[in-house]
Amino acid sequence: MRLAKWHPGKLILLWSWGGLIAALSLTHFLSTPVKNSPGQHLLSFSIAVLLLLALSILTWCWLSRREETTRSPPFQPKESTID
Amino acid sequence: MLKLLFPALVLAVSATPVLSIPQTVLPLGNKLPIPSGYKSYSFFLICNPEWLDPSKSADLTDLYNKFLAFGRSIGDDQAAVWFWKTQVPQGWEKQKSPADVIDVERSIKFCRAWNLAPSEGPYLVVTAAKPDESNLATAIPDGRAEFKLGGLKATEISKLLGRLTDALLLHKTELWVSPFAEMGKPTSAAALAGDQRVTPAISVGATALWVRLLAVTQEIVGEFGCAVSFKLDAGPVSADVKPCKNTP
Chain P
1 MRLAKWHPGK LILLWSWGGL IAALSLTHFL STPVKNSPGQ HLLSFSIAVL
51 LLLALSILTW CWLSRREETT RSPPFQPKES TID
Chain L
1 MLKLLFPALV LAVSATPVLS IPQTVLPLGN KLPIPSGYKS YSFFLICNPE
51 WLDPSKSADL TDLYNKFLAF GRSIGDDQAA VWFWKTQVPQ GWEKQKSPAD
101 VIDVERSIKF CRAWNLAPSE GPYLVVTAAK PDESNLATAI PDGRAEFKLG
151 GLKATEISKL LGRLTDALLL HKTELWVSPF AEMGKPTSAA ALAGDQRVTP
201 AISVGATALW VRLLAVTQEI VGEFGCAVSF KLDAGPVSAD VKPCKNTP
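Line by line, the protein sequences give chains P and L.
According to the working numbering, the first sequence is numbered sequentially starting from 1.
According to the working numbering, the second sequence is numbered sequentially starting from 1.
To be clear, the hints were calculated from the coordinates, so they are not data collected in a lab.
Because the structure is a prediction, the values reported are computed rather than measured.
Worth double-checking, as some hints may not be accurate.
[As the list claims (entries may be wrong)] If we take Cβ atoms under 10 Å as the criterion, some of the chain P residues that face chain L in the derived model are:
id : residue
1  : Leu24
2  : Leu26
3  : Phe29
4  : Leu30
5  : Pro33
6  : Lys35
7  : Pro38
8  : His41
9  : Leu42
10 : Phe45
[Stated by the list, open to error] Think about it this way: if two alpha-carbon atoms lie no more than 30 Å apart in a straight line, the pair counts; the simulated DSSO-like pairs of lysine-lysine are:
id : chain 1 : residue 1 : chain 2 : residue 2
11 : P       : Lys10     : L       : Lys109
12 : P       : Lys35     : L       : Lys39
13 : P       : Lys35     : L       : Lys130
14 : P       : Lys35     : L       : Lys159
15 : L       : Lys153    : L       : Lys109
16 : L       : Lys39     : L       : Lys109
Note that beta-carbon positions come from the ideal geometry of N, C-alpha and C, so glycine has one too.
Construct the complete structure from the given sequences, taking the supplied hints into account.
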């Protein structure tokens with residue numbers, strides 16, 4: 001279950017659901033005045049921000065690892081031996 | 001001594017008082033500051049000029065009478081403030097229209113500073129400390145309860161004022177904490193009047209810094225969302241987010 005080996009589809013799924021939840025949280029955050037329920041608003045805003053941040057970090061790591069694994073080692077031709 | 005001099009109901013009028021209402025009432029000049037030394041201040045704020053329409057005269061007179069009774073019943077140590085702009089003889093309602101006597105401009109300053117939408121008023125705002133009129137926006141008093149009276153019937157307003165009187169007399173300055181105002185759990189004026197149909201309009205206690213920051217963030221995010229337009233067209237999926245328009 002190495003991150004680099006994840007299929008891009010997994011990330012697309014995570015981003016889809018994460019984006020949906022973040023959008024709903026942000027909608028809740030924006031829909032009513034903060035002073036009505038400051039605690040709930042703080043929670044909504046935190047969920048939206050942290051979720052997007054977590055997904056961004058995950059994607060960043062996934063891309064970085066893929067770069068490392070796909071980087072080919074320098075070409076070293078085998079020494080041919082002539083009998 | 002101050003408590004003897006200043007009445008429970010403080011009426012602000014422009015010149016020499018000619019009001020001959022009960023002895024607990026001492027009318028003040030129009031631009032005279034709100035007196036200090038009270039345990040609480042109840043402001044009746046009319047910020048919507050529609051209320052000054054002659055057709056509303058009877059309703060306004062009724063409201064005034066209710067507020068007058070409220071001001072007298074909460075005691076000498078708690079102020080009830082109704083802003084007048086002119087000399088107000090008793091029975092003014094038979095001689096003048098509300099527009100001639102009520103100082104809406106002064107109320108509007110409070111509504112603007114305390115972010116009260118005029119269309120949802122009039123408001124009854126109870127504060128634990130005297131607001132600084134010269135610096136209303138930044139010096140919002142700690143402990144403040146706001147009641148929207150716009151959507152309430154006369155009987156509901158009577159109930160509200162009755163319960164508010166109970167709260168002020170029995171709980172004193174704890175009004176903003178109990179029995180009907182819990183932080184983070186807004187309570188409505190209607191609910192206070194025993195009616196659960198109308199949604200709340202109460203803000204309680206001093207606003208903490210983090211709450212103010214959160215409110216500013218909400219404002220910024222909201223404005224950003226209204227300012228940008230975004231269009232995505234990716235073959236089978238397309239989305240179009242347009243800047244929001246102000247609805248009338």
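Return the numbers of the hints above that this structure violates; sort them in rising order.
Violated hints: 1 and 11; rest satisfied.
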